[in-house]
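**Q** Residues per chain, in single letters:
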Amino acid sequence: MRQILFVFFIFSAFQPLFAQENFTVSGTIRNKATGESIIGATITVKDMAETILTNEYGFYSLRIPEGNQLLIISYSGLKTVEVPLKLTKNMQKDIFLEPQSRTLDEVVISAPVLGRTVTGTQMGVERLSAAEMKFIPQLFGEKDPLKAIQLLPGIKSASEGSSGIYVRGGAADQNLILLDEAVVYNASHLLGFFSTFNADAVKDITVYKGGMPARYGGRLSSVIDIRMNDGNNQHLSVSGGLGLISSKLNIEGPVQKGKSSFLVSGRTTYVDLFLKLSNDSNINRNKLGFYDLNAKMNFQLGQKDQLFISGYFGSDHLNAGSDFGLRWGNTTATLRWNHIYNKRIFSNTSLIYSNYDYEIDVNLGANNLNIFSRIRDWNLKQELSWNAGSNHSISTGFNLVYHTINPGDVTSSAASNFNDIKFQQRYSSDIVLFISDTWKASPRVSFTYGLRKSFFSIYGPGDFYIIDDAGTITDTLRKKKGQTYITYLNDEPRFAIRFLLNATASLKASYARNSQNLHLISNSTTARPTDRWVASTNNIKPELADEFSIGYYKNFSTQYEFTVETYYKNMQHQIDYRDGADINNPDAIESQLLYGRGRAYGIEFLLKKKSGKLTGWLSYTLSKTEKKIIGINQNEWYNARQDRTHDIAIVTAYQLPKNWTLSANWIFYTGDAVSFPEGKYIVDGQIYYYYTKRNGYRFPDYHRLDIGATKVFKAKGRFTSELAFSLYNAYGRENAYTISFRDNKEDPNKTEAVQTSLFKFIPSISYNFKF
Amino acid sequence: MRTRKLYEKTLGIIGATFISMACLSCEKVIDINLNKANPKYVIEGNMSNISGDCLIQITQTVNFSDLSEFPGVENAVVFIREDQKEPIKLIQTSRGIYESSQLRTRPTHSYTLTVQVNGEEFTSTVKVPEKVTIDSLYIADFSGFGNTRKFANVIFQDPVGLGNSYRFIQYKNDLPNSNIFVLNDEYSDGRLVNTFLAFFDNSDNQRLDTGDTLTVEMQGIDPSVYKFFLSLSQNSTGGNESVAPGNPVSNISGGALGYFNAYVKQRRTIIVP
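If you read the protein sequences in the order shown, they are chains A and B. Numbered per this note's numbering, the first sequence finishes at 771, counting up by one with no gaps. Numbered per this note's numbering, the second sequence finishes at 1044, counting up by one with no gaps.
Please keep in mind that the hints were generated in silico from the structure rather than gathered at the bench. Watch out, some of these pointers could steer you wrong.
[Said to hold, decoys possible] Derived PhoX-like pairs: lysine-lysine, alpha-carbon spacing no greater than 25 Å straight-line: (1) B:K902 - A:K750; (2) B:K807 - A:K750; (3) A:K624 - A:K693; (4) A:K693 - B:K807; (5) A:K257 - A:K93; (6) A:K628 - B:K943; (7) A:K79 - A:K609; (8) A:K658 - A:K613; (9) B:K799 - A:K745; (10) B:K807 - A:K745; (11) A:K134 - A:K745; (12) A:K716 - A:K134; (13) B:K799 - A:K760; (14) A:K750 - B:K799; (15) A:K93 - A:K46; (16) A:K711 - A:K203; (17) B:K811 - A:K693; (18) A:K86 - A:K440; (19) A:K287 - A:K381; (20) B:K943 - A:K745.
[Unchecked claim] Footprint (simulated), chain A over chain B, 3 or more residues, beta carbon under 8 Å: (21) 803-809; (22) 822-836.
These numbers come from a predicted model, not from an experiment. The C-beta atom is built at its ideal place from N, Cα and C for all residues, glycine as well.
Next comes chain A alone, as it looks inside the complex (with noise of 0.2 Å):
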């Protein structure tokens, strides 16, 4: 508490003479066709070389002088506006943009959202809206935003056709994937071939790779906030489509015309018809599937006031005949009230609850066994964006959040071989406080700096172990209900720098510690279901990274845009799994486990193209990801699974006539850093393999090109559809998705290497519409 005063000691010892009068201009920005706010919508003064985006809730504020002032205001795919302004006082000023109207012989895809912007302090971020994803080719057709953003530089996909993703050299379990400010803790269905998230939902997704805003944390990685469409307010609207593997509705409109709104949004997939094809008994006996429901309600209460519900239930099932089924799924609520206490403070409150859990029924004769597993979360998070004025803005809040883990508990027949077992369950607390400022201290340079506040701690009632260099347990403490077991402080600054190097190149620098309290044990590459999170404990300590970065920014006329940028990442209390570990020890799995340290190191280029017939852009990626942890590797540094030297992605799209619109990508990355045996050995009478370094060889390169079509018909009224056909890996490469190892079936005392490649020649179709 002593370190946040002192920061506002720091903020009044800034506070500059007025020489001129200035005034606070705010509002909230709209599409004026369907009322929803607008985030990341840039708006510009003119003559001041000063850029703005709107937050997560359209609202802004900006602080400039007295007298004519011209504000412009833009985002991807509605018309520009120009709003002339007589400043004398305060005031608020809400602006709506219309859509751009496209007729056959003017077609413009005009600029992405500017993620990344040459003013702004915040490095390492990218941002995709729902319009930049729509021309991407996509595994069966299915537009996945997660998939989508793998295609962005520092951000790569955990294997073939994977949602799962390593940012940075990150794990998988160190992004923090918010929907609504829920967290998701499973983001995949399918064994994560699609992720959780449902396109048409889908407003908003914004990547930060480093350099968090002191409001986001607790992973080491990234921040993957994705925001749900608010509904329409203005009329009602149907969308839907009709794809190879799945379909999905969307109904969105007023409950009291431009003021409050709702919108369900569902989609199912029927993916298991196709196991019916099959002549085989193993295979058509089986089912999996899955289903998402997206639903909210937005009411606008007066002028100030906003409040949101939200919602996201989720579920996967997988049965082999009647003998074994397992079904998973998440489920998010959010409630959020958005006050405007003045012109300058923007508030916004949620309660917010997320759930994970999965459920294995087994049936084998006398033996039925039922095992359940949850994560549960209830969070109370209070944020208040402040335009301090004299060129300071300030963001602070608290964030208390309540997790309940509950590994499994197992119920079994009384004819069963099984003792009933209900392993401990874990409850901890999170309690964040967080303050940052941005201050523009010249024309040519921002700072932005703050400090998060995290303490963590794990209560009884339960048992907690002492746990000895070998793993074995040497002591068992008995802590009783409520009684805090342990605490973990952390201080996490940041700290961020820009200098404008001209009107429109810019260099940045910045700073920031994440810590992380919740871990997630997985032996496997492909996302499992029953995957587990822990939270610290006494021999899991929170994992820390120190992240620094330097970026250099340009945008050439207003076509193309530039960006490097440069990291370091120092990791620390990395965790893996001992050799031999038996990841199925539910209660001290802490047992099973080493820590250690990791390092990131890399550059990014991106080159995007933003407007004009050709769209697109460029991203090349060169990086190091590396791991040293006491008992793996003879103690040595090793690649880390997800360490990929070079990673390219070229995404184009290409405006036609009679409204078609090509689109092609192209992947290119080097091979996954992978365990081969380097001898083999007998035991048994069996032949079993010899490892001698961790992660010492590599796959194949890895590359693929997909491409797609798109046909807009022309509208009917309201009713608007379009067809779209794409083709995933269109030249049939065949990447490596596991490399194994068996006795060559001619000649026994042979041994050979097999390549198992999952998807080449995907071709899909889908249909969408809208009225």
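Starting from the known structure of chain A, arrange chain B on it as the hints suggest.
**A** Chain B alone, transformed into the frame defined by chain A:
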């Protein structure tokens, strides 16, 4: 835990299903340039409560690209000691095979293996658990994954107290089944356990058919042996979907691969109905 294995397999099958939809011929043999590894000693040590079962086999690893021939290691000096008694030296009976005709285990006693070879020394100590007897062995049909298979079921009473570990070896017409079957009492402590020896290989020489002679050997083993076989089955079979395929956790110190298992065993034989 067997259920877990089943679960992993199910995920595997469904994953494979999904894959087969997408790619029809997606498997191919590839060339990988693998380094040569320095040879390591591999010790397989077994002794039971029956005289004549005490056999220590010593081989070495070979390079991945070499032929799968594993010549025995000669000139090793091999001792086994019961508790704190005088060590007994084993005799090399053929290349790399060291035996003792009189050594046998007694429940609740500890046995220490010492192997000296070319200036290196490897040791391992295991404790033989209390004897647990098979109550019954029978065949039950199991329907799952689209077909009906016959599997061996074993019923036995687990003693109260955690730490009991078991290994099963199944013989079909005297030929051993190559699957690893191990079990501990973490989820079934003190229970009358009915376990079935499930495996997924449906080949003629593994599958149980009516008229086959089935023998099941049940071994009461030390937890360190359980851990070796569990990790052997999980990590060393050559897949790399798991993040870290590695070597199994040996209970032999000194840097050798392999295991030393001193156990109590019993066998039951039936004709598959």
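**Q** Which of the numbered hints are not met once you compare them with the structure shown?
**A** Of the numbered hints given earlier, those the structure breaks are 1, 6, 11, 19, listed in rising order.
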